[in-house]
Amino acid sequence: MKNNLKLISFIISLLYVFVATIVVMVSFSKYEIMGFDHNHPLWIFFAIVTIPANFLLWVLVMVDNSFLSIAILQTIIFLIFWFCLYNAIKMNQSNRTDY
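Numbered by the numbering used here, the letters in the sequence shown go through residues 18 to 116 in order.
Source of the hints: derived by calculation from the structure; they are not laboratory data.
Fair warning: this is a prediction, and the values are worked out from it, not measured in the lab.
By construction, the Cβ of each residue, glycine as well, lies at the ideal position given by its N, Cα and C atoms.
It is possible that some hints are incorrect.
As the list claims (entries may be wrong) - Derived DEER-like restraints, expressed as beta-carbon distance ranges:
#, residue 1, residue 2, range
1, I28, M108, 16 to 22 Å
2, V66, L96, 17 to 23 Å
3, Q110, N82, 37 to 43 Å
4, N56, I89, 26 to 32 Å
5, K107, N82, 35 to 41 Å
6, L85, S111, 36 to 42 Å
Build out the structure end to end from the sequences listed, making use of the hints.
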């Protein structure tokens, strides 16, 4: 069960941080991905939902727009989100009482 929780939290965190990275990258017109850019109707929804993962990335992209620095920052954010999500799921599982 413990490995299952790690895998689930890993996948959710990876997808969340990946979507957050895509949202920030397509904010610039030169990084349009398959027609998804900052003018797309879903962009504002994803931008709002991923604010916790995007806050530092927005600041970094305004200063330095290199892929290496973005990858390093998003890796750190991914690890933090994975740790927090895993602990939240684990705590939720331990507090659950089965009748």
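Going down the list of hints, with the structure as the test:
1. Distance hint check: the CB atoms of I28 and M108 are about 19 Å apart, consistent with the given range 16 to 22 Å.
2. Checked against the hint of 17 to 23 Å, the C-beta distance between V66 and L96 comes to roughly 20 Å, which is consistent with it.
3. Between Q110 and N82 the Cβ separation comes to about 41 Å, which falls inside the hinted range of 37 to 43 Å.
4. For N56 paired with I89, a C-beta distance near 29 Å keeps the hint of 26 to 32 Å intact.
5. K107 and N82 have their C-beta atoms about 37 Å apart, which keeps the hinted 35 to 41 Å range intact.
6. Against the hinted window of 36 to 42 Å, the Cβ-Cβ separation of L85 and S111 comes to about 39 Å, which satisfies the hint.
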